[in-house]
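I would like the entire structure built from these sequences, with the hints used as guidance.
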Amino acid sequence: MSRPTAPDRAQYRMRYRDVFDRPASSRLAMPAMVMLATSILVFGLVDLDFSPARLWSGVHQLGWISLMMLPPDPGSSLPLYLKALGETLSIALLGTTLAAVLAFPVSLLAARNIVRSGVVRFPVRRFLDSIRGVDTLIWALVWINVVGLGPFAGVLAIAVSDFGALGKLFSEAIEAVDQKQVEGIRASGGNALHEIRFGLIPQVLPVIAGQVLYFIESNTRSATIIGIVGAGGIGLQLAEQIRVLEWQKVSFLILMILVAVAAIDWISSKLRFAIIGRRAVA
Amino acid sequence: MASTVSILPQVQLAALNETYRKAVVQRRLRSALAAAVFLAVLVVAAVGAEVNLRTLFTYFGNFVSYFDRILKLDSGARVWTDFGDWFWGWDKWLRMLGETILASYVGTLIGAVAAFALNFLAAENTSPAPWLRFVVRRLLEFARSVPSIVFALVFVIAFGLGPMAGVLAIAIHSTGALGKLFSEVVENADMRPVEGVQSTGAGWLSCMRFAVLPQVIAGYASYTLLRFEINVREASVLGFVGAGGIGQELVVAIRKFYYSDVSAILVMIVVTVFCIDISTGWLRSRLFGREGRA
Numbered sequence: 237m238s239r240p241t242a243p244d245r246a247q248y249r250m251r252y253r254d255v256f257d258r259p260a261s262s263r264l265a266m267p268a269m270v271m272l273a274t275s276i277l278v279f280g281l282v283d284l285d286f287s288p289a290r291l292w293s294g295v296h297q298l299g300w301i302s303l304m305m306l307p308p309d310p311g312s313s314l315p316l317y318l319k320a321l322g323e324t325l326s327i328a329l330l331g332t333t334l335a336a337v338l339a340f341p342v343s344l345l346a347a348r349n350i351v352r353s354g355v356v357r358f359p360v361r362r363f364l365d366s367i368r369g370v371d372t373l374i375w376a377l378v379w380i381n382v383v384g385l386g387p388f389a390g391v392l393a394i395a396v397s398d399f400g401a402l403g404k405l406f407s408e409a410i411e412a413v414d415q416k417q418v419e420g421i422r423a424s425g426g427n428a429l430h431e432i433r434f435g436l437i438p439q440v441l442p443v444i445a446g447q448v449l450y451f452i453e454s455n456t457r458s459a460t461i462i463g464i465v466g467a468g469g470i471g472l473q474l475a476e477q478i479r480v481l482e483w484q485k486v487s488f489l490i491l492m493i494l495v496a497v498a499a500i501d502w503i504s505s506k507l508r509f510a511i512i513g514r515r516a517v518a
Numbered sequence: 135m136a137s138t139v140s141i142l143p144q145v146q147l148a149a150l151n152e153t154y155r156k157a158v159v160q161r162r163l164r165s166a167l168a169a170a171v172f173l174a175v176l177v178v179a180a181v182g183a184e185v186n187l188r189t190l191f192t193y194f195g196n197f198v199s200y201f202d203r204i205l206k207l208d209s210g211a212r213v214w215t216d217f218g219d220w221f222w223g224w225d226k227w228l229r230m231l232g233e234t235i236l237a238s239y240v241g242t243l244i245g246a247v248a249a250f251a252l253n254f255l256a257a258e259n260t261s262p263a264p265w266l267r268f269v270v271r272r273l274l275e276f277a278r279s280v281p282s283i284v285f286a287l288v289f290v291i292a293f294g295l296g297p298m299a300g301v302l303a304i305a306i307h308s309t310g311a312l313g314k315l316f317s318e319v320v321e322n323a324d325m326r327p328v329e330g331v332q333s334t335g336a337g338w339l340s341c342m343r344f345a346v347l348p349q350v351i352a353g354y355a356s357y358t359l360l361r362f363e364i365n366v367r368e369a370s371v372l373g374f375v376g377a378g379g380i381g382q383e384l385v386v387a388i389r390k391f392y393y394s395d396v397s398a399i400l401v402m403i404v405v406t407v408f409c410i411d412i413s414t415g416w417l418r419s420r421l422f423g424r425e426g427r428a
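Residue numbers (the working numbering), protein chains in the order written: chain A, 237 to 518; chain B, 135 to 428.
Treat the hints as calculated values from the structure; they're not laboratory data.
Fair warning: this is a prediction, and the values are worked out from it, not measured in the lab.
Here a beta-carbon is modelled for each residue, glycine too, at the ideal position from N, C-alpha and C.
Please note: incorrect hints may appear among the correct ones.
[What the hints assert, rightly or not] With beta-carbon atoms standing in for the labels, derived distance ranges:
no. : chain 1 : residue 1 : chain 2 : residue 2 : range
1   : A       : Gly425    : B       : Trp416    : 33 to 41 Å
2   : A       : Tyr252    : B       : Asp324    : 19 to 27 Å
3   : B       : Gly330    : A       : Arg251    : 43 to 51 Å
4   : A       : Arg348    : B       : Arg229    : 38 to 46 Å
5   : B       : Ala168    : A       : Arg348    : 26 to 34 Å
6   : B       : Ile412    : A       : Asp254    : 30 to 38 Å
7   : B       : Asp324    : A       : Ser275    : 47 to 55 Å
8   : A       : Gln484    : B       : Leu167    : 22 to 30 Å
9   : B       : Ser165    : A       : Arg422    : 23 to 31 Å
[Stated by the list, open to error] Covered, in the sense of this in silico footprint (three residues per stretch, anywhere, with C-beta under 8 Å from a C-beta of chain A), are these stretches of chain B:
no. : segment
10  : 215–226
11  : 249–261
12  : 274–281
13  : 404–411
Right, dumping it as structure tokens:
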């Protein structure tokens, strides 16, 4: 362990010129980017009314809130909360199932290997894209306007927004199938419906089932969120308890949600592996 | 072709047919059972979620006509006949949209910095102590499994109405999500450079700085850009609970039935999100090539 001696250094400098003497543009690129990012950050902090005093008083308040959250305690409303949790899970399950049922036929129309003409495919794809572009929460507000407050609006909101996402994923799965099996069916005299039923569906069903399960999992979270704007379930209870500052109940509800989501994750990953075997879900 | 298909003798064929039939019956039985269980669960869920098909059918017309109405101006004309009237509040909405984007930028950056600070502690191969890794991991898990809108609800009470609550909610959620992704990137890093740096007598911090960081920094930047994309979507709805940005305008328009405003704001949000998706996608492929993509 000895430092390289002076002649050594000169030698290294000669040999690795591009390491020792980088051009100014590449040396300055990083600091310039950092400067730019930081200046936008500072501008943002000022523009969004961040002030140390506000931050401090907020953190202070947050400390109080966390203290008041302990210990988590449902009070006398545990049955109500359990029912609300059941409602949330139902919303996720029904919404996703409805979305999958609606999305499958549409995804056939959006798949390149089923519908050759772009005239049908492009409008269908753009339609799915635009549905996906609108957030679930916005759909929830729209459905609340239509069918009134309650979990049913939540089911429909999840169904519509996932219809867009699943339609796209399904059509990608369909495009990835092995065309040989479909050709085999055609060669033995099957018509277009037979091709789909016997050539296509056996191939895509495991993939689709995996995706649907994954969506049920992630929709348990979404279903919690849409409750906050009034679409039923545990999110509604959570929002109400936060508004009336019942912090012990709030922390209990958050814990309930976390446990439920973890449980669903676990169950669905078991099911997923049972259906598609131990390989990654696309 | 003149070849004949050979047919097995009857005895052998009967046995094979029997086995085949049994296998098919067993499979069908299993799928039927699974379908029945699934249907039963669905029915229970439908009762739990107060599904009412009659309401749906009665009001489905409303749903369709809702879109008819949001595409109509107060004067009764279609929105696209008069853009000036449709986007009458464009300057205010653009300002709110700018606030939303700025809030997601600040939130993403704070979250990324916090995740950066924590992720070496959470990764299997670089964590200095197992107990520290456990604590940091649980912390990140908590931050990412509580939805950001719940954080926003609490922060609105603690910090007051306004974009500050939204920024902090986004920052915390991003810390959780990015911390996990970052630590996975670190776990995939090659450990031989670390050994090299260690052999020169360097401490933990220098090991991270000179051996791990150069390998992972591209992955970090890619994930952060991706997160920014997601956060813009999230920030646009955080306004629903009073955390600033365009969401506040949208929720007011929806609740007060200002129909054409709803469609105008929605169009602006969708277009903005679309533009940001495209530009971050372009930036990512530009900066890191295809392999750097998440």
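So, going through the hints one by one against the coordinates:
no. : hint                               : in the structure
1   : Gly425/A with Trp416/B: 33 to 41 Å : 48 Å, violated
2   : Tyr252/A with Asp324/B: 19 to 27 Å : 21 Å, holds
3   : Gly330/B with Arg251/A: 43 to 51 Å : 19 Å, violated
4   : Arg348/A with Arg229/B: 38 to 46 Å : 42 Å, holds
5   : Ala168/B with Arg348/A: 26 to 34 Å : 31 Å, holds
6   : Ile412/B with Asp254/A: 30 to 38 Å : 35 Å, holds
7   : Asp324/B with Ser275/A: 47 to 55 Å : 35 Å, violated
8   : Gln484/A with Leu167/B: 22 to 30 Å : 44 Å, violated
9   : Ser165/B with Arg422/A: 23 to 31 Å : 26 Å, holds
10  : 215–226                            : violated (count 0)
11  : 249–261                            : violated (count 0)
12  : 274–281                            : holds (count 4)
13  : 404–411                            : holds (count 3)
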